[in-house]
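Q: Quick mapping for you: the protein sequence lines, in order, are chains W and Y. All residue numbers for the first sequence refer to numbering that gives the first Met the number 0, where the first residue is 0 and numbers rise by one. All residue numbers for the second sequence refer to numbering that gives the first Met the number 0, where the first residue is 0 and numbers rise by one.
Keep in mind the hints are simulated off the structure, nothing from the lab. The beta-carbon is built from N, C-alpha and C at its ideal position, and this holds for glycine as well. There's no promise every hint is true.
Said to hold, decoys possible - Below, a sample of chain W positions facing chain Y; criterion: calculated Cβ distance under 10 Å: (1) A79; (2) A96; (3) F98; (4) P117.
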Amino acid sequence: MRRAFVPRDDLDKPMVRFDAVTRRFADVTAVDQLSLDIREGEFFALLGPSGCGKTTLLRMLAGFERPDEGRLLLAGQDIAAVPPWRRPVNMMFQSYALFPHLSVAGNIAFGLKQERMPRREIKARLAEMLRLVRLEGLNKRKPHQLSGGQRQRVALARALAKHPKVLLLDEPLAALDKKLREETQYELMALQDRLDTTFVIVTHDQEEAMTMAHRIGVMNHGRLAQVGTPAEIYEQPCSRWVAGFIGDVNFFDGTVDAAGVDGVVVADTAGRRFRAAGTAGIQAGTKVALAVRPEKILLTTAAPDAAAMPVNTVAGKVADIGYLGDLSLYKVRLDDGTVVKASVTNARRFAASDIGWDDTVWLSFAPDAAVVLTE
Amino acid sequence: MTNDTAPQKSVGERLIIALPYLWLVAFFLVPFVIVGKISLSQTVIAQPPYTPVLDLSAGLGGLIDFFGALSADTYATLAGDDLYLFSYLKSLQVAGLSTAILLAIGLPIAHAMARAPARLQPFLVVAVMLPFWTSFLIRIYAWMTILQRDGLLNQVLQGLGLVDEPASWLSTDTAVLIGIVYSYLPFMVLPLYASLHKLDESLLEAAADLGCPRWKAFWLVTVPLIAPGIGAGCLLCLIPIIGEFVIPDLLGGSDTMMIGQTLWTEFFANKDWPVASAIAVVLLMLLVVPIAAWEALQSRQIREGR
Numbered sequence: 000m001r002r003a004f005v006p007r008d009d010l011d012k013p014m015v016r017f018d019a020v021t022r023r024f025a026d027v028t029a030v031d032q033l034s035l036d037i038r039e040g041e042f043f044a045l046l047g048p049s050g051c052g053k054t055t056l057l058r059m060l061a062g063f064e065r066p067d068e069g070r071l072l073l074a075g076q077d078i079a080a081v082p083p084w085r086r087p088v089n090m091m092f093q094s095y096a097l098f099p100h101l102s103v104a105g106n107i108a109f110g111l112k113q114e115r116m117p118r119r120e121i122k123a124r125l126a127e128m129l130r131l132v133r134l135e136g137l138n139k140r141k142p143h144q145l146s147g148g149q150r151q152r153v154a155l156a157r158a159l160a161k162h163p164k165v166l167l168l169d170e171p172l173a174a175l176d177k178k179l180r181e182e183t184q185y186e187l188m189a190l191q192d193r194l195d196t197t198f199v200i201v202t203h204d205q206e207e208a209m210t211m212a213h214r215i216g217v218m219n220h221g222r223l224a225q226v227g228t229p230a231e232i233y234e235q236p237c238s239r240w241v242a243g244f245i246g247d248v249n250f251f252d253g254t255v256d257a258a259g260v261d262g263v264v265v266a267d268t269a270g271r272r273f274r275a276a277g278t279a280g281i282q283a284g285t286k287v288a289l290a291v292r293p294e295k296i297l298l299t300t301a302a303p304d305a306a307a308m309p310v311n312t313v314a315g316k317v318a319d320i321g322y323l324g325d326l327s328l329y330k331v332r333l334d335d336g337t338v339v340k341a342s343v344t345n346a347r348r349f350a351a352s353d354i355g356w357d358d359t360v361w362l363s364f365a366p367d368a369a370v371v372l373t374e
Numbered sequence: 000m001t002n003d004t005a006p007q008k009s010v011g012e013r014l015i016i017a018l019p020y021l022w023l024v025a026f027f028l029v030p031f032v033i034v035g036k037i038s039l040s041q042t043v044i045a046q047p048p049y050t051p052v053l054d055l056s057a058g059l060g061g062l063i064d065f066f067g068a069l070s071a072d073t074y075a076t077l078a079g080d081d082l083y084l085f086s087y088l089k090s091l092q093v094a095g096l097s098t099a100i101l102l103a104i105g106l107p108i109a110h111a112m113a114r115a116p117a118r119l120q121p122f123l124v125v126a127v128m129l130p131f132w133t134s135f136l137i138r139i140y141a142w143m144t145i146l147q148r149d150g151l152l153n154q155v156l157q158g159l160g161l162v163d164e165p166a167s168w169l170s171t172d173t174a175v176l177i178g179i180v181y182s183y184l185p186f187m188v189l190p191l192y193a194s195l196h197k198l199d200e201s202l203l204e205a206a207a208d209l210g211c212p213r214w215k216a217f218w219l220v221t222v223p224l225i226a227p228g229i230g231a232g233c234l235l236c237l238i239p240i241i242g243e244f245v246i247p248d249l250l251g252g253s254d255t256m257m258i259g260q261t262l263w264t265e266f267f268a269n270k271d272w273p274v275a276s277a278i279a280v281v282l283l284m285l286l287v288v289p290i291a292a293w294e295a296l297q298s299r300q301i302r303e304g305r
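Make the full structure from the sequences, and use the hints.
A: Structure below.
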């Protein structure tokens with residue numbers, strides 16, 4: 000996991016503040032009464048399914064869309080009416096939007112020429128940018144003479160050349176193949192660390208957001224479903240929707256049977272009783288969903304010792320096995336037909352797996368592995 | 000298994016490739032050679048009205064006599080008389096000026112079309128081409144009635160109190176320019192629209208994002224990227240306007256002597272086929288320059304893979 004981000008700017012004056020912002024298109028509300036603070040130097044990811052409004056949010060920051068309602072502040076100043084060419088933010092476009100008639104150098108220097116920077120400074124900044132994205136020697140090439148990865152770097156260098164206060168990245172890695180995408184993720188993180196610029200990235204790829212961002216804003220239907228660090232979002236999702244959107248999860252729907260200081264007991268619809276820890280404030284009788292991630296479930300082939308029978312243990316038959324190389328995913332059918340997914344790390348090579356289809360297995364998880372969701 | 004011989008083209012394939020060449024030879028090269036031959040002849044009062052006439056039945060000797068009788072006298076006539084030079088220059092002036100006006104009018108129209116809602120655009124394209132549904136000649140006659148002394152234009156101008164006396168529009172250079180600009184506008188608008196339509200909107204957003212206001216982005220991004228469309232539109236207008244005959248003949252006056260009319264006069268009024276042919280050959284040579292420029296532009300684009 001990434002080093003924790005320590006905010007250093009004034010809490011009342013974040014780098015970016017969306018204050019109850021709404022943006023409507025014809026008959027859809029793309030962004031709905033959304034409020035969000037992004038801190039100086041933060042790497043913030045907007046994550047959500049397509050059409051959730053994340054790109055509209057980014058385009059409002061760039062100035063291509065204006066909020067219908069609410070205020071949009073950049074370093075304490077309302078920028079809703081400022082045109083894109085006067086905003087100290089720059090955007091890296093999903094399509095890269097490189098000028099096909101200009102060389103690499105012409106593309107990177109385009110923004111600098113607009114602010115009438117002296118020729119010598121432009122030259123120095125250009126060299127700095129080419130070094131930063133490791134494109135030295137390619138400055139005379141035209142975009143169509145570059146590979147996809149190189150084009151992506153030119154787009155990045157062009158957006159960074161003006162030293163923006165906020166760099167906006169719209170699905171910056173979507174056009175790269177998987178290997179290159181992973182490499183570039185770490186390069187972007189290192190770059191952001193070094194430049195100490197606020198990065199706001201829009202992505203639909205949760206792995207990308209989890210890897211790179213200090214904080215993630217999960218969006219759905221124009222609203223923020225949850226804002227938090229990658230670990231918070233994964234381990235403490237605030238709703239059934241967030242838990243299901245990020246990663247794989249099993250749900251047990253039920254009612255709180257008993258609530259105590261050290262947790263609750265949930266009786267699910269099939270009469271199974273589970274213990275969940277750390278859920279203060281939930282009353283008995285509340286309808287809840289118990290969320291358990293597949294990797295937090297222990298799968299055993301022998302019945303646990305009756306005396307040491309741990310809590311939260313259920314038995315079932317293996318219905319499906321998915322071998323993914325690094326781990327195997329087992330789908331286990333319980334007596335009432337519920338299918339529970341459990342993943343097992345393949346720590347040993349050729350560990351002759353003794354689990355087959357229709358074998359009876361036992362699944363158990365610790366009380367603190369389960370999250371009780373009321374929404 | 001390796002296959003190191005290139006696949007043989009079948010007779011059918013060869014024929015398909017040869018067809019456009021055959022077409023060009025039959026309908027361009029052969030007529031051009033005939034016109035070129037006539038331009039090297041002398042005018043006589045006979046049928047046909049020029050000499051020498053190629054007579055293949057006279058055998059090799061006749062062929063030698065024929066080539067011996069050819070001369071470049073007509074070209075000396077063209078060079079010796081200011082009338083021809085004046086006509087060429089007038090044609091170039093009218094064509095250059097009207098192409099500039101066409102670009103100035105066509106660009107905003109094409110721009111507005113490309114920015115219109117996507118479902119509206121096919122209708123706008125049809126609207127631009129709509130005048131073609133009426134005969135070209137009828138449209139020019141319509142302009143004659145509009146531009147005449149008691150025509151629509153003068154009525155409107157007088158009604159608005161802009162002029163006291165009805166101005167004479169017909170038989171002026173202005174009338175020729177109006178007629179040409181009106182007739183050629185689709186040829187300017189359509190190539191411009193095609194290249195503006197292809198222009199990636201995000202490039203203009205990127206320019207704005209990098210600190211470039213809209214008007215400046217038009218010059219720095221739009222114009223360079225639609226340059227092929229501008230070139231195509233200008234050449235599509237310039238080349239036929241240079242040789243334009245009907246519009247200056249119907250709308251222009253005696254001082255609007257474009258090369259097309261000079262050619263017509265030589266051919267029909269003076270019955271001087273050799274000089275008329277020489278005018279046509281020189282005109283073609285003049286047009287080859289812009290056409291070659293266009294070809295060079297297009298092949299460069301293909302090389303750059305745009």
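Q: If a hint holds in the structure, say so; if it doesn't, say that too.
A: A quick look at each hint next to the structure:
1. A79: 16 Å, violated
2. A96: 4 Å, holds
3. F98: At about 6 Å, which falls below the 10 Å cut-off, the nearest Cβ of chain Y leaves the hint on W/F98 intact, so it holds.
4. P117: 16 Å, violated
In summary, the numbered hints that this structure violates are 1 and 4.
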